[in-house]
Amino acid sequence: MSGKAKLHYFNGRGRMETIRWLLAAAGVEFEECFLETKDDLKKLRKEGSLLFQQLPMVEIDGMKMVQTRAILNYIAMKYNLYGKDLKERALIDMYVEGIIDLNELLMVYVFQPADKKEQHFANMVDKATNRYFPVYEKVLKDHGQDFLVGNQFSRADVQLLETLLMAEECKPDILAKFPLLQSFKARISNIPTIKKFLQPGSQRKPPTDEKDVPKVMNIFY
Amino acid sequence: MAGKPKLYYFDGRGKMESVRWLLAAAGVEFEEEFLETREQYEKLLQGGSLLFQQVPMVEIDGMKMVQTRAILNYIAGKYNLYGKDLKERALIDMYVGGTDDLMGFILMFPFLSAEDKEKQRAVIVQKATSRYFPAYEKILKDHGQDFLVGNNFSWADVHLLEAILMVEEKKSDVLSGFPQLQAFKARISNIPTIKKFLEPGSQRKPVPDDKYVETVRRVLCMYYDVKAN
Chain Z
1 MSGKAKLHYF
11 NGRGRMETIR
21 WLLAAAGVEF
31 EECFLETKDD
41 LKKLRKEGSL
51 LFQQLPMVEI
61 DGMKMVQTRA
71 ILNYIAMKYN
81 LYGKDLKERA
91 LIDMYVEGII
101 DLNELLMVYV
111 FQPADKKEQH
121 FANMVDKATN
131 RYFPVYEKVL
141 KDHGQDFLVG
151 NQFSRADVQL
161 LETLLMAEEC
171 KPDILAKFPL
181 LQSFKARISN
191 IPTIKKFLQP
201 GSQRKPPTDE
211 KDVPKVMNIF
221 Y
Chain A
1 MAGKPKLYYF
11 DGRGKMESVR
21 WLLAAAGVEF
31 EEEFLETREQ
41 YEKLLQGGSL
51 LFQQVPMVEI
61 DGMKMVQTRA
71 ILNYIAGKYN
81 LYGKDLKERA
91 LIDMYVGGTD
101 DLMGFILMFP
111 FLSAEDKEKQ
121 RAVIVQKATS
131 RYFPAYEKIL
141 KDHGQDFLVG
151 NNFSWADVHL
161 LEAILMVEEK
171 KSDVLSGFPQ
181 LQAFKARISN
191 IPTIKKFLEP
201 GSQRKPVPDD
211 KYVETVRRVL
221 CMYYDVKAN
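Protein chains in written order, with full-length UniProt numbering: chain Z, 1 to 221; chain A, 1 to 229.
Chain A on its own, in the form it takes in the complex:
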């Protein structure tokens, strides 16, 4: 047994992508088992591996962890990416909450109809540029430090970079009004573990496509129409 964390999810981003980012940022090697068929999923269910019958699920340190937030909290805590005290944790939790909400607008995007996709693209860009990016731009401007919290690399930095890149995939010049975020993006992308994760051949997943959507629908028997939030 490898002892490495093992991720159970589809071969695609979804809710597991933030976990991949955080493990990679922490320099932690991990394995993945990709759900391709309904049978695989039912086997996991019957085996009692999924506490609430859902994925993501991560086998780590003898636990079968579920609930994305719980998994991320654990990894951040374990690998010292969660600040040095209660107050820094509070800031990190606030910032991560924001980027989580922002990425939430993108999560269902691949499942939307073509028409709804165009509408949602506009929503994503509007929320990013009027609500979320200005908040992080100001934080960086106000303290003038390299990292969001406590002058130290943390989960908040990883999560923000992930969110920035995802929004840029929807509109490539979305950072044009945000010089601090542009510099932040370049800086964090250059951190060795992150740089490695951003290179081809890493376990980072590409933008979800129709094949991914099909796989998710098939495995979860999720055939209803998905509407934007």
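Isolated chain Z, as found in the complex:
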């Protein structure tokens, strides 16, 4: 038994991607067990590995952790990416929850039925550019520091970078009006662990393609 964290999910981004990012940012090696069919999910359920019958599930430090937030909180705390005190954690949590809300919109886009796609896309872009990006642009502008919270690298920076890149995949010029987010993106991408994760051959997953949607739906529904 290797002792490394082991991720159970399908071979794609979904809700596991943020966990991959955080582990990678922390410089933590991990293994992955990819589900291919509904039977794979049923097997995990049957053996009692999934507390609420759902994925993601991460085997880490003797626990079979479920619930994305619980997993992210644990990793962030363990690897000192969660601020230095309660107040910094509060800021990180606020920023991260906003990012999660935006991420959710981006993540479900590919799963929208054809007649809803255009409206969803417009909503995504509107929320990104009018609700979320301005907040993070202002946070960076107001304190003028390299990182979002406490002048120190934290999960908030990792999760924001992940989401900025996902947003750009949807609309390449989406950061046009946000100069500080552009320099943030460059800066955080250059952190050695992150840089490594962004290179080809890493465990980062590509965007879910439309043709993969039926397969994913079949595993989970």
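Worth flagging that the hints you see were computed from the coordinates, not collected in a lab.
From the three backbone atoms N, C-alpha and C, an ideal C-beta is built for every residue, glycine too.
Any given hint could turn out to be false.
To be verified - Under 10 Å between C-beta atoms, here's a sample of chain A residues computed to sit facing chain Z: (1) ALA70; (2) TYR74; (3) LYS78; (4) LEU86; (5) ASN190; (6) VAL207; (7) ASP210.
Stated by the list, open to error - Here are the simulated lysine-lysine pairs, BS3-like style, with alpha carbons at most 27 Å apart: (8) A:LYS6 to Z:LYS138; (9) A:LYS138 to Z:LYS87; (10) A:LYS119 to Z:LYS116; (11) Z:LYS64 to A:LYS141; (12) A:LYS78 to Z:LYS78; (13) Z:LYS38 to A:LYS84; (14) A:LYS119 to Z:LYS6; (15) A:LYS15 to Z:LYS87; (16) Z:LYS64 to A:LYS43; (17) A:LYS141 to Z:LYS84; (18) Z:LYS141 to A:LYS43; (19) A:LYS138 to Z:LYS64; (20) Z:LYS43 to A:LYS78; (21) Z:LYS215 to A:LYS127.
Mind docking chain A on chain Z? Use the hints.
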């Protein structure tokens, strides 16, 4: 200035109810400002009080906190309801995630059409009895302790009690197959701060009604049809 936390939300449950429960459980007095009109909401927006233009918002310890999860994490951390170490926190976060998902099925219920309400009621009961309640029943059975985590009262216990009572409002005998949860419910309800919160006249909010739905729609200009998740 009172120094008490101040909650900004509608006069109803919604996403703020879990915050009320947790503050009450911790024995923390709080004030509330209820959003009744669009103008009030726009004033909050223009004043820059709502980081992502949304409520809940809680003024606490000099911060204007938004994002329900962030608020709950802070309160739990501050009032020692978040376990004694990283591993206990992990368990609490997992359990709270489950009860959050379960209550999520109930959150939009008041906004559904009459027909969708009946369907959703069945979904809520099915998820509760086949996915969530069995998990918590087993946890309590396996360790035989009074509380979910670390033999100590925590946020997880408060959140589970809240969820149980909410599901019971949709089907009163929903706990019939779950003896551990029945005992848990009685036990946690008897904790002095919780008992007080469960009494009439507390800041606990009643089951949302049409007036609540109307207020939310009016304040948020949320006039589209809401579908079940």
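Could you grab the alpha-carbon distance between LYS64 of chain Z and LYS141 of chain A and see if it respects the 27 Å cut-off?
Holds - the C-alpha atoms of LYS141 of chain A and LYS64 of chain Z are around 19 Å apart, at most 27 Å.
Is the interface hint satisfied for ALA70 of chain A? The criterion is a beta-carbon contact with chain Z at less than 10 Å.
holds, 3 Å
Regarding the pair LYS78 of chain A and LYS78 of chain Z, is the alpha-carbon distance no greater than 27 Å?
holds, 19 Å
Next pair to validate is LYS215 of chain Z with LYS127 of chain A; report whether the Cα-Cα distance is within 27 Å.
holds, 24 Å
Given hint TYR74 of chain A near chain Z, where the shortest CB pair must fall under 10 Å:
OK, holds: TYR74 of chain A within 10 Å of chain Z, min 5 Å.
Under the criterion that the straight-line Cα-Cα distance not exceed 27 Å, is the pair LYS119 of chain A, LYS6 of chain Z satisfied?
violated, 38 Å
Can you confirm whether the C-alpha distance between LYS64 of chain Z and LYS43 of chain A stays at or below 27 Å?
It is violated: about 46 Å lies between the C-alpha atoms, which goes past 27 Å.
Would the hint on LYS78 of chain A be counted as holding, given a Cβ-Cβ threshold of 10 Å to chain Z?
holds, 6 Å
Restraint status (C-alpha distance of LYS43 of chain Z to LYS78 of chain A at most 27 Å):
Cα-Cα ~40 Å, so violated.
Hint check: 10 Å Cβ-Cβ cutoff, ASN190 of chain A to chain Z
Since the shortest Cβ distance to chain Z is 27 Å, the answer is violated.
Holds or violated: LYS38 of chain Z and LYS84 of chain A, Cα atoms, limit 27 Å.
violated, 38 Å
LYS138 of chain A and LYS64 of chain Z: Cα distance at most 27 Å?
The hint holds at about 16 Å.
Of the hints listed earlier, those the structure fails to meet are numbers 5, 6, 7, 9, 13, 14, 16, 17, 20, in rising order.
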